[in-house]
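Chains as they are written, first to last, in the numbering used here: chain A, 1 to 341; chain B, 1 to 331; chain C, 1 to 664; chain D, 1 to 144.
The hints are simulated quantities; they were obtained by calculation from the structure and are not laboratory data.
Each hint should be verified, as a subset may be incorrect.
Claimed, not checked - For lysine to any residue, the following SDA-like pairs were computed, each having C-alpha atoms within a straight-line distance of at most 25 Å:
no.: 1; chain 1: B; residue 1: K120; chain 2: A; residue 2: T197
no.: 2; chain 1: D; residue 1: K7; chain 2: C; residue 2: D479
no.: 3; chain 1: B; residue 1: K167; chain 2: B; residue 2: V67
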Amino acid sequence: MRKCSLSVLPALFAEIAKSNTLYIPASDNAGGAKFTKWEEGIQYLDTLNTVKSPKDFFFPHTEDLMEFKVTGKNIELFDIREESEDFVVFGVRACDVKSFDILDRVFLSDPVDSYYASRREHGVIISLACTRPAETCFCTTFGIDPATPAGDISAWKTEDALYLQANTQKGEALLSSVEALTEECDSTDVEAQQEKTRKIMQKLPLANLTTDSFGGGKTLELFDSPKWDELSEACLGCGTCTFVCPTCQCYDIKDFNTGNGVIRYRCWDSCMFSEFTKMAHGNSRLTQLERFRQRFMHKLVYYPENNDGLFSCVGCGRCLSKCPISMNIVKVMKALGGEKK
Amino acid sequence: MQKITRDTLVSKAVSLLENGTVDAVLGWGKGEFAYDVTPTVFETADEIRENFVWNDFCGANFSKYLVSKTRKLEGKILVFLKPCDTYSFNQLLTEHRFDREKVYVVGVPCEGMADISKVKAITGDGISAIDFTDNGLVITTLYDDEPKTVAYEDILAERCVNCKSKKHVAYDELLGETGEVLESARFDEVAKIEALTPDERFAFWQGELSRCIRCNACRDVCPACTCEKCVFDNPNSGAENKAPANSFEEQMFHIIRAFHVAGRCTDCGECSRVCPQNIPLHLLNRKFIRDIDNFYGEYQAGAEVGTRAPLVDYNLDDLEASDVFERRDSE
Amino acid sequence: MQRIGVFVCWCGSNIAGTVDVHAVAEALKNEPGVVFSTDYQYMCSQAGQDIIKNAVKEHNLTGIVVCSCSPRMHEATFRKTAAAAGLNPYMVEIANIREQCSWVHKNMQTGTEKAIILGKAAVAKVNLNTPLTPGESPVTKRALVIGGGIAGIQTALDIADAGFPVDIVEAKPTIGGKMAQLDKTFPTLDCAACILTPKMVDVAQNENIRIFSYSEVQEIKGFVGNFDVTIKKKARFVKEEICTGCGACVEKCPMKKIPNEFNLGMDNRRAIYIPFAQAVPKVATIDPNACNMLKNGKCGVCSKVCTAGAIDYTQKDEIISEKYGAVVVATGFNPISMDKFDEFAYNQSKDVITSLEFERLTNAAGPTAGKLLRPSDLEHPHTIVFVQCVGSRCAACAEKGKEYCSKICCMYTAKHAMLVRDKYPDTEVYVFYIDVRTPGKNFDEFYRRAVEEYGVKYIKGMVGKVTPEGNKLKVQASDLIANKQLHIDADLVVLAAAIEPDKSARSLATMLTASMDTNDFFTEAHPKLRPVESPTAGVFLSGACQGPKDIPETVSQASAAASKVIGLLCKDKLTGNPCIASANELMCNGCSTCANVCPYGAITYEDKEFMMPDRTKALRRVAQVNPAVCQGCGACTVACMSGAMDLRGFMGSQIIAEVDAICK
Amino acid sequence: MQVNEYKPLIVAFCCNWCSYAGADLAGNNRLNYPADVKIIRVPCSCRVNPMFILRAFQRGADGVIICGCHPGDCHYTSGNYYTRRRMALLFSMLDYLGIERERTRLEWVSAAEGAKFAATMNDFAEKVAALGENKRLEDLRCKK
């Protein structure tokens, strides 16, 4: 484990930014935080979660896939993907780091999504342990320890120092590139902080949430629950939960006719949208109840069923604070028996 | 800070449900915390007694729900409407969006609603309890030994800071007393932006709109956006898109959305309340309202049922489009 | 996918002089959907049209783009060509490369480039064209004329003469209108009654005309060719078919002190009355507010004296429903109330009267049997002051007067002044005016005769105040030319009151969805080119309901309206313009926004049951466009937020395709 | 003359009954205006949806002008009055968003005003050219 004084932080960022594009949490000028490209003058913001999760780095909101031109009866294809540059994301919380595992299973299993894979290869994640979880946090429900975040490099920030621990080769390499700014240290301070954080986690209002009644094999039991009706009653069908969610991975592929050719691009889609997966025959889920159910069944039942019991939620709490009508996965889980007695 | 109590609302709802006046009640339902109330349709008195909430976080405007709920329900539905919600209610009636006979409106006085993000900006995250007192909200957090009292004026939602009216313009029954239409400073922000140079205005709006994630929450919550099929969801409209692919798309969406509700927007402020990216969308709508007031005479959408919206009306001597800027710049 | 043929016209050298037509034809060959492209000297010539027809057959064309002169020139020509070749005529689009390209640009390269772009836009549009068929609707061959003044009478007579049945609905017990109250008419000084009453008799005797007098239009539904109208025939308590108009009942009626409307209250009539001797229908009417029998069940004299047995105290209002193909509005005008013009002491002195009252005073059938006597003491007035523009051209006093010129006052005042001087040369006559407006045949000559031959004193200036003092009226006025104040002791002051549309017009306009201006005059379909038609198809305008006008003008407009009605009723079926709006019911919100902007009232709403996307059934209010009424302006398409409303021939997608093609 | 002189692209929506005929008259009288102006015929100015205007800008137009009948002369009696309100509000909103106000215009041109049509187009094209390329309402995807 290595450490540096917090006063060295700007220098550290500058050093990393020399050979990588560096993103750090900074103010979005609207009361929230967003991962912002670091350059001289960008202030690191000590925040818990950014409004949008860092999944954007690997799975951008919109991404051009290819372009084609039609001349007469000929179609010409062009690969217009942007060459991925090396980049580093600093300050990713444990929950968001975990979300990459969930996305990886979707995009990196056969057939591999080369756009995602390429971005994953070029990105280095420096995580950051939590010390002040919010009342909306429930990562522990999904077995995540916010005091021990994964990532290429794990980081802990105390009042005066930043502690760094490389977990992967990419992490090692990055850490060694900033060796001059850091020093070797032991993990005493980190452990103390971890201890404190874990205690807080037990006191959180959502600490009693459990996944016991969910997981693979629960489809028949949960699908026809009468609860879905009242749970989805007020759902507006907007995409807020989906778009702030670090694990939602649905997208639509669309063509944009520029007048001189067609750009085929993909963009995030939301299973809450009435037009979601509309096909030639029409929509597969016609009511908001079905669409609402799909989102939560996917996270809590279908995904774990196909992914060795891994749930597709990391308890980051973004949907809890952003849903216009305050309906969210916690309320859904509790309604369906997800509360420890 | 609400003067009317939860008990008053609950007993009203229960009695109207039990005496058969209504078959369901649209109200605010209990959440995990004090502030995350969810619009809920209650069908039994027990549910109401147990889960009905009335506090300073009951911001949601229920008017729009009446479009779908009156279609779904056989009988009559009770809806609690705050003064600003009643304007949306009237506007929807003007546009024949639901059957007035299927709704029983109970007007609830409102002292202004709180914005939880403003609370958290003061207290920080980790709220474990909220007490509602006369002096303000008393907030207990996981990280502070002593609870903190935050004054109401510091945490009022933006739209409540500039409340346009405490008057209920529609109701079957009123709890407490209705108030007056207020003088508000709601156009000050608009005027400030107008006073910027075009470059500054462009930069300002680029900064704001670039945060848009096109979640459609502003549209989906808007009581003026009740189209059976929105142009932005319709591939044949020429405007359909799912993502803010670039700055043009961001502008297009918000310009057209504001234009479609121009003259119909009651300025209820729901768009800005729900925006996950805190884009001040009300400043687009208020721009249209202010222009309409200036160009064609004061008009408040929803003040009455059956009025003709300014964009479906005209005067022979209306302002010419070429004189718009002169008019504005001369103010 | 369409199979489009492109035909580029040289128009001799008109186009080919600045546009390389071969290059245009060549460039458009590569556009999507284009399977054939050529150019020719004169596409509109027989040979040119044959090229198009042959190409349609040879290449199985489904769409045609002609790059030529303005569509306003030859769109119809090429549509016919397409139809002759078996194509739907609406599958043709014109790229205007003459008026909007070759004629305004000088450089061959620029001209050619622009022509290609305009051609591409037309191709892009045709790709989205769909065959359109005009709708048809039947025509009920009967006309309704609302108002039985000279306008309504003339219109009805002309329509009836053409062989179509006409109904006149008149609110008063008799037809005749304002003209029946007049004495002489300018500028010829014929007696109004002498020229009007024969026409009234013609109406009564015309087999094609029915008169619903003492009646009101209650409801109008439907559209051009197919109006359903409900008429309320008010109870007159006299059986119209039986009454002979002998007048015995009137003579014997004991209720004698009822102000006589026909003489503007300057004398009295009975509770049962015939408005005037030449009334049509000449039948008595009982005034229910004055008749003792109807009010208290006491009297019954008229019933006793009526030998025909026409009196029926139990008569009820009758509701008549009838179908009409056309509706003519001829609701006329009224002088405005003088109540707000205190400065002229109208309400203080009986000797301050309006010009219409003056007409009655000089009329042989009037309250003074045609002798000019002042109302207060029935003395002969020696000094008369006429005040023009009372309430007219009153821009600053909109709350009491009218901004517009009432048009007829200058001439009738000249007439009045002249007649007074003619009959009573000992009378001094002053006319105060702002301007004297005499733009009509023999009008100015007439006015000059009043001044030059009859010695009427015309003074440019306004009367400031009229004060009754003793048996005189002190008139304070200014003479703007002499620039001095005048004080005249007058015996009689006559006010040329502004005229305004009849109050019934507003509610009628609502029923007809016909538009009105801010003064409640009906708006014409086009102020220059369609002056006697309302924008609402099938509704026509006759007389002063459209704007102030004198008798000759009214009669000519009445006849013009009649000819328009005849033109409509001659048709068995109406063929609509197929380029009209239509609502996609699945997307329609039923919000009424489109109906609010429709100038023609073409949009109505229906509750229809729909299978909703969520598989439930719902009753939804959806817009219906009446194809016979819609004119295709497109106002609704932009008002419609959801885009449910689209305009055939100018669909949103077509216009967007043109935009895209131009901006490519 | 410069080889690469900047040429603005201008879309003109013209009402069939007045302005389009006015443009025809300008042609009849051989009155010049820049070829950069491309006319789209609409039945009435009230057919012009703000979406069409934004679409034109998206696709690379540098200026959009809508021409209709003079107030009071609308073939459909009132279409241009609605246009006037819609465009007044839209133009004001675009200005509020920082879009150059000279890029949009609403003009009344009658069928008899060929000269006015040509003069209006000359003037508008000149003003738009002075602004340069439309950068604020463009969609870069369409500029390739």
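Inset, instruction - Give me the numbers of the hints this structure contradicts, sorted from smallest to largest. - result: Hint check: 2 fails alone, others pass.
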